[in-house]
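Residue numbers (our numbering), protein chains in the order written: chain H, 3 to 156; chain Y, 3 to 156.
No lab work stands behind these hints, which were simulated from the structure alone. Hints are not guaranteed to be accurate.
Copies of one chain are not kept apart here, so a pair can be met inside one copy or by any two copies together.
[What the hints assert, rightly or not] Cut-off 20 Å, straight-line C-alpha distance, at most; resulting in silico cross-link-like pairs (SDA-like, lysine to any residue): (1) 153 / 17; (2) 153 / 125; (3) 153 / 99; (4) 153 / 142; (5) 153 / 135; (6) 153 / 46; (7) 153 / 34; (8) 153 / 109; (9) 153 / 35; (10) 153 / 45; (11) 153 / 129; (12) 153 / 111; (13) 153 / 21; (14) 153 / 128; (15) 153 / 61; (16) 153 / 22.
There are 2 protein chains.
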Amino acid sequence: MHEAWIRQVVGMAAENVRRGGGPFAALVVRDGIVIAAGANQVTRANDPTAHAEIVAIREACRVLGSFQLADCDIYCSCEPCPMCLGAIYWARPARVYFAATHCDAAAAGFDDALIYEQLARPPAERSIPMIHVATDAATQPFQEWIGQVDKLAY
Amino acid sequence: MHEAWIRQVVGMAAENVRRGGGPFAALVVRDGIVIAAGANQVTRANDPTAHAEIVAIREACRVLGSFQLADCDIYCSCEPCPMCLGAIYWARPARVYFAATHCDAAAAGFDDALIYEQLARPPAERSIPMIHVATDAATQPFQEWIGQVDKLAY
């Protein structure tokens, strides 16, 4: 069955190119049923976060009325980038299946290696510098959050 | 000036908690002007990708009509998670400033360490297994993409 979903998602990715999108697609499947489909919409929607996996995860969560994808599998035309991998961990599907590898993607000009390399560096030493501005109030949002959770729990 | 934006974004994060959201906010600023603001909407919108940074980046790109945030700075109430860090690299702002650190977030129960650790593992060995399904068609979307780019270029 995995091969059939993979063939379908690869076909969607090719079709998305013909429609002016990027060469990526994703499907969210639960119990053999497609919950949501997504294709790369970065340039068409002017949205750098609109990778196929993000589009499909958002749509599947909307359909399921949940911010978690319990018992769902995600089929991707290509191995997820670090952003999508992070999104997958926040969404918690059961498994991910992918067709093309990050090497195939890099050969076509979609190179994640820079992001993996940057992730491993200290924030201030990244090519997009990430600068810590210390402030007394920094943890106040967390304190309010913990206060609310305590109120809900007791 | 950075301190003023940081104070503002931390205040937004605290306000978001009072409105039932998560304790995170982000601002996109260009030439001293706020282009977009975002607060965590994960539970309210049933969207695991609706971290403050993603919400703010999407809105800023919509406002600017571009999928790149050239010359923009992003102010975050907290150090970005790996998903948001990936989104930041795809959006290419000039700099990121943050108030709370990932250690502050972890102390409040928002722990990114698992995701960093999982990113470093081979796909099949992750806690959410990511399984390569080889298929002859895997690179066809990329071939169509390269064909289109060549057509545009010549």
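Right, here's what the structure says about each hint:
1. For the homomeric pair residue 153 and residue 17, the shortest alpha-carbon distance between copies (17 Å) is at most 20 Å, but the shortest distance inside one copy (50 Å) is not.
2. In this assembly of identical chains, residue 153 and residue 125 lie within 20 Å of each other by CA distance neither inside one copy nor across copies; the values are 35 Å within and 40 Å between.
3. In the homo-oligomer, the alpha carbons of residue 153 and residue 99 never lie at most 20 Å apart, since the shortest distance is 41 Å inside one protomer and 32 Å across protomers.
4. When the C-alpha separation of residue 153 and residue 142 is checked against a cutoff of 20 Å, the pair qualifies only within one copy, where the shortest distance is 17 Å, while the shortest distance between copies is 54 Å.
5. For the homomeric pair residue 153 and residue 135, neither the shortest alpha-carbon distance inside one copy (31 Å) nor that between copies (47 Å) is at most 20 Å.
6. Proximity of residue 153 and residue 46 under a CA criterion of 20 Å is satisfied inter-copy only: 18 Å between copies versus 44 Å inside one chain copy.
7. In this homomeric assembly, residue 153 and residue 34 never come within 20 Å of each other (Cα to Cα): the closest approach is 40 Å inside a single copy and 39 Å across copies.
8. In this homomeric assembly, residue 153 and residue 109 come within 20 Å of each other (Cα to Cα) only across copies, at 18 Å, whereas the closest approach inside a single copy is 53 Å.
9. Taking the closest pair of Cα atoms, residue 153 and residue 35 never come within 20 Å of each other, the shortest separation being 39 Å inside a single copy and 38 Å across copies.
10. Taking the shortest Cα distances, residue 153 and residue 45 sit within 20 Å of each other only across copies (17 Å), while inside one copy they are farther apart (44 Å).
11. In this assembly of identical chains, residue 153 and residue 129 lie within 20 Å of each other by CA distance neither inside one copy nor across copies; the values are 42 Å within and 32 Å between.
12. In this assembly of identical chains, residue 153 and residue 111 lie within 20 Å of each other by CA distance solely across copies; the values are 16 Å between and 51 Å within a copy.
13. Taking CA atoms no more than 20 Å apart as the test, residue 153 paired with residue 21 passes between copies only; the shortest distance there is 15 Å, against 50 Å inside one copy.
14. Within a single copy, residue 153 and residue 128 get their C-alpha atoms no closer than 40 Å, and across copies no closer than 35 Å, so neither meets the 20 Å cut-off.
15. Within a single copy, residue 153 and residue 61 get their C-alpha atoms no closer than 32 Å, and across copies no closer than 33 Å, so neither meets the 20 Å cut-off.
16. For the homomeric pair residue 153 and residue 22, the shortest alpha-carbon distance between copies (13 Å) is at most 20 Å, but the shortest distance inside one copy (50 Å) is not.
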